[in-house]
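Trainee: Below are the chains, spelled out letter by letter.
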Amino acid sequence: MFDKPLAFWLIQSLNSLSLGGLLFLLSAGFSLIFGLMRIANLSHGAYFMFGAYVGLSVLRAGYPFGVAMVAAGLAVALLGGLIERFVIRRLSGNPLAQVLATLGIAFIIADGCLLLWTGDPQQLPSPEFLQGVFRIDEVAFPKYRVAVVGVAIVFAIALWLLLEKTRIGAMIRAGVDDMEMARGVGIPVSALFTMVFCLGSFLAGVGGVLGGPILSVYPGLDTDMLPLALVVVILGGVGSLGGAFVGSFIIGFIYTFGQTLFPDLAYMILFLPMIIVLAIRPRGLFGRIGA
Amino acid sequence: MSAAMTQNAELALEVRGLRKAFGGLPATNDVSLSIAAGERRLIIGPNGAGKTTLFNLIAGDLRADQGSIKLFGEEVARLRTDQRAQRGLARTFQIITLFPRDTLAHNVVLAMLGLSPSRWDALRPLSRRRDLYEKARGVLARVGLESAAERPLAQVSYGEKRRVEIAMALAQNPRLLLLDEPLAGLSQEERQSVQALLAAIPRDITVIMIEHDMDTALSFAERITLLHYGKVIVEGTRAEVVAHPRTREVYLGA
Amino acid sequence: MNRTALIACAALAALIPLVAGDYYINLSSQILIAAVFALSLNLLVGYGGLTSLGHAAYMGVSAYLSGWLFLKFGMGHLLSAPLAVLGTTLMAALFGLIALRASGIGFLMITLALGQVLWGLAFRWVSVTNGDNGLSGLTRPMPFGIDLTGAIPFYYFTLLISIVSIACIAAFSYSAFGAVLRGTRDQPRRMLALGHNVWMVRYVTFITAGFWSAVSGLLYVYYHKFIHPAALALTNSAEVLLMVIAGGTGTLVGPVVGAIVVILLKNYVSAFVERWTMLLGFVFLLIVLFMPDGLVPGFKRLWVRFARRHA
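Protein chains in written order, with this note's numbering: chain A, 65 to 355; chain B, 4 to 257; chain C, 9 to 319.
The hints are simulated quantities; they were obtained by calculation from the structure and are not laboratory data.
The beta-carbon is built from N, C-alpha and C at its ideal position, and this holds for glycine as well.
Just so you know, not all the hints are guaranteed correct.
Stated by the list, open to error - Derived DEER-like restraints, expressed as beta-carbon distance ranges:
| id | chain 1 | residue 1 | chain 2 | residue 2 | range |
| --- | --- | --- | --- | --- | --- |
| 1 | A | ALA343 | C | LYS274 | 18 to 24 angstroms |
| 2 | A | ALA343 | C | LEU86 | 53 to 59 angstroms |
| 3 | C | ALA315 | A | MET245 | 47 to 53 angstroms |
| 4 | B | SER35 | A | PHE150 | 55 to 61 angstroms |
| 5 | B | GLY188 | A | ARG154 | 32 to 38 angstroms |
| 6 | A | PHE150 | C | ALA315 | 19 to 25 angstroms |
| 7 | B | ARG133 | C | SER135 | 55 to 61 angstroms |
| 8 | A | MET245 | B | GLN69 | 48 to 54 angstroms |
| 9 | B | SER35 | C | PRO90 | 55 to 61 angstroms |
| 10 | C | CYS17 | A | GLY248 | 36 to 42 angstroms |
Unchecked claim - In silico contact screen, one side only, chain C against chain B (beta carbon under 7 angstroms); selected entries:
| id | residue |
| --- | --- |
| 11 | ILE169 |
| 12 | ALA179 |
| 13 | TYR182 |
| 14 | ALA184 |
| 15 | ALA187 |
| 16 | ASP194 |
| 17 | ALA201 |
| 18 | LEU202 |
| 19 | GLY203 |
| 20 | HIS204 |
| 21 | ASN205 |
Isolated chain A, as found in the complex (with noise of 0.2 angstroms):
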């Protein structure tokens, strides 16, 4: 294992890092919504699938990749939105009910997924300008990860200002703090609520396309996105951007070393970190509620 050359270690990482900034952007959203409302979204690793297949459409029709992010979205977001008005919020009061109702929706939708745009694996092209890669001494990085490493550090960049610098922030965090207390304020919660869906929502579309040149589009591809959201939130905390932000690398790096070093075992090396997170600090690393 130590016999492997500098450039083996730099690439992987460079792939830790780009896999982190697509799970950031996947639980980012979960970890809002889960903090906020109190619901595990099991949807969410479906509308990572569903944004790279709308994606998809968006490029195959000839537009260029920037408004395939856009357009993924706002097509997940709206999803979202309708999701929570029309079958989230009749059921509120109940989070395990929404929970199971999340479920169920994220089966229809996989399904759903499969049924527009078959179950072939399809690649999404990474856009022109960015395929190729930059080499620094013999090493070659892919352009398009490194892309993806700034797109996701902006997105941060941009979420940490809204939660810290606006008065909505405010609100959302007032509401994953002491939701009796912001009520008790005169936030208006449900608005609130629906506005938090959508953001989590547009996140995970946005991501399923920034991920679909390095993880493709498939049917399974929810499946596999959704126990890393998962394992990402338990070892950050719910609730907590910096959270997301700290065990999407770290989970990144965990998988991306793990599947090359360990193949087999990949999947057990996740567990470790969650394993560890829970029995000593069973609120994640950054966690304010329990989970």
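Starting from the known structure of chain A, fit chains B and C onto it as the hints suggest.
Mentor: This is chains B and C only, laid out in the frame that chain A set:
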């Protein structure tokens, strides 16, 4: 045995330097109490004084940030709620949280099972345990509810539920009993029957009670502790506390 | 459900092969296997109040262990069966320690994650599990030399094991422990105050649920003579949860009814409709939205209303 040790063994509850803060706000602020075996202690204080928090700390529902809690000489601050119950601590809750779909008898049986090795029996049908249900009926008889033993808890009145709760606590054969506002929400009639119940609690059970209903509570109490903002303000015999100027301050808001 | 009713049902079940052809006999075997599986989950969900979305893992691991012991060591069923169940139960003991760090939604998420990790392992650890090809060429046991390849003998074998399993699970729920378990579901804080070690009660239940799921896993792999990672997929965990919820949690009959409904639906519907997963999702959604108590309590309510109106 030295005099100091005999003294400690007579203390049902000894709390020293108890502290609990929620996000910077101290709900319990350096509280110390000594309650003798068999004593009837009343904890009073305005709303938000930290009385129920104190109960939750003593019972184990909350972990103290600092301080020691000794139950009959044994340090219990690091023990779980059920472990403290096993050592003779029983409590009632402000809001009655019993089992509405089960009969009164079944509610009492659950209480009795708490201390019985039978609670781990996963083979024999519980309904066959006539002995448990007989005992449960006996417990209910002591609070005048034997006739309702087979009725679902949801169908009896609030006052009767409160009596069932107290009966369940007594069925645990506790050495220390914590009563959190046992008279709250009761009608005049119900209050009298609960009062009679409380007065009849044998002396080998130490009782600490939180109560707002002064008329009833004062007649029950031997010593009173007044809490405000999580701190002990006044403590002493009934007469002492009632006459104390700070008591009036706290209640009339100086 | 009282003793006579149970015996009547068992008797009826025993008569099925006399009136039905192989297709329906096999279907009945599948229903029995699903019923044991659902009843094992019901211990956690219905009686314990702990919703798990990773229960397929125990059935799957038990099936894989049984198949692997046969293929790798040529081990006979007499030895491989208890080993498979034991191994799975030990796994449940380990997973329970992790999952019970939380309750409610946290518990659900952890069980889901654990289940998915095992599913991924089943796919990736090709040297042991044969990955996407699954383990095939497995055999059915031959208790006392009886050949179970035919539908009828296998059905009676399954019926026997199911009856024993259901009886044990019933004893568990009617026992003092079962009553305490239900108490921890309804008022965990009160139970603690009464001296019950709520965590330990839940932990023992978790292991027991894993044990009976493992038993159903053995029946499963004997029936199919094949095991594939899909058996551990989230869909499977969701299906068994659906059986429990659809039938009605917290009763013995509910999960059995749920198993019957889901298996029949699956078998009939897949003849006409290719989208089983989508249908599963819709059924889930509808039940959660409109009949959250499940079919058995729902119908009980209707029956009571009907009886009252015609009294």
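Trainee: Look at each hint and say if it fits the structure.
Mentor: Evaluated hints:
| no. | hint | verdict |
| --- | --- | --- |
| 1 | ALA343(A) with LYS274(C): 18 to 24 angstroms | violated, 39 angstroms |
| 2 | ALA343(A) with LEU86(C): 53 to 59 angstroms | violated, 38 angstroms |
| 3 | ALA315(C) with MET245(A): 47 to 53 angstroms | holds, 48 angstroms |
| 4 | SER35(B) with PHE150(A): 55 to 61 angstroms | holds, 57 angstroms |
| 5 | GLY188(B) with ARG154(A): 32 to 38 angstroms | holds, 33 angstroms |
| 6 | PHE150(A) with ALA315(C): 19 to 25 angstroms | violated, 36 angstroms |
| 7 | ARG133(B) with SER135(C): 55 to 61 angstroms | holds, 58 angstroms |
| 8 | MET245(A) with GLN69(B): 48 to 54 angstroms | violated, 26 angstroms |
| 9 | SER35(B) with PRO90(C): 55 to 61 angstroms | holds, 58 angstroms |
| 10 | CYS17(C) with GLY248(A): 36 to 42 angstroms | violated, 54 angstroms |
| 11 | ILE169 | violated, 19 angstroms |
| 12 | ALA179 | holds, 6 angstroms |
| 13 | TYR182 | holds, 4 angstroms |
| 14 | ALA184 | holds, 5 angstroms |
| 15 | ALA187 | holds, 5 angstroms |
| 16 | ASP194 | holds, 5 angstroms |
| 17 | ALA201 | holds, 5 angstroms |
| 18 | LEU202 | holds, 4 angstroms |
| 19 | GLY203 | holds, 3 angstroms |
| 20 | HIS204 | holds, 5 angstroms |
| 21 | ASN205 | holds, 5 angstroms |
Going through the hint list in order, the structure does not satisfy hints 1, 2, 6, 8, 10 and 11.
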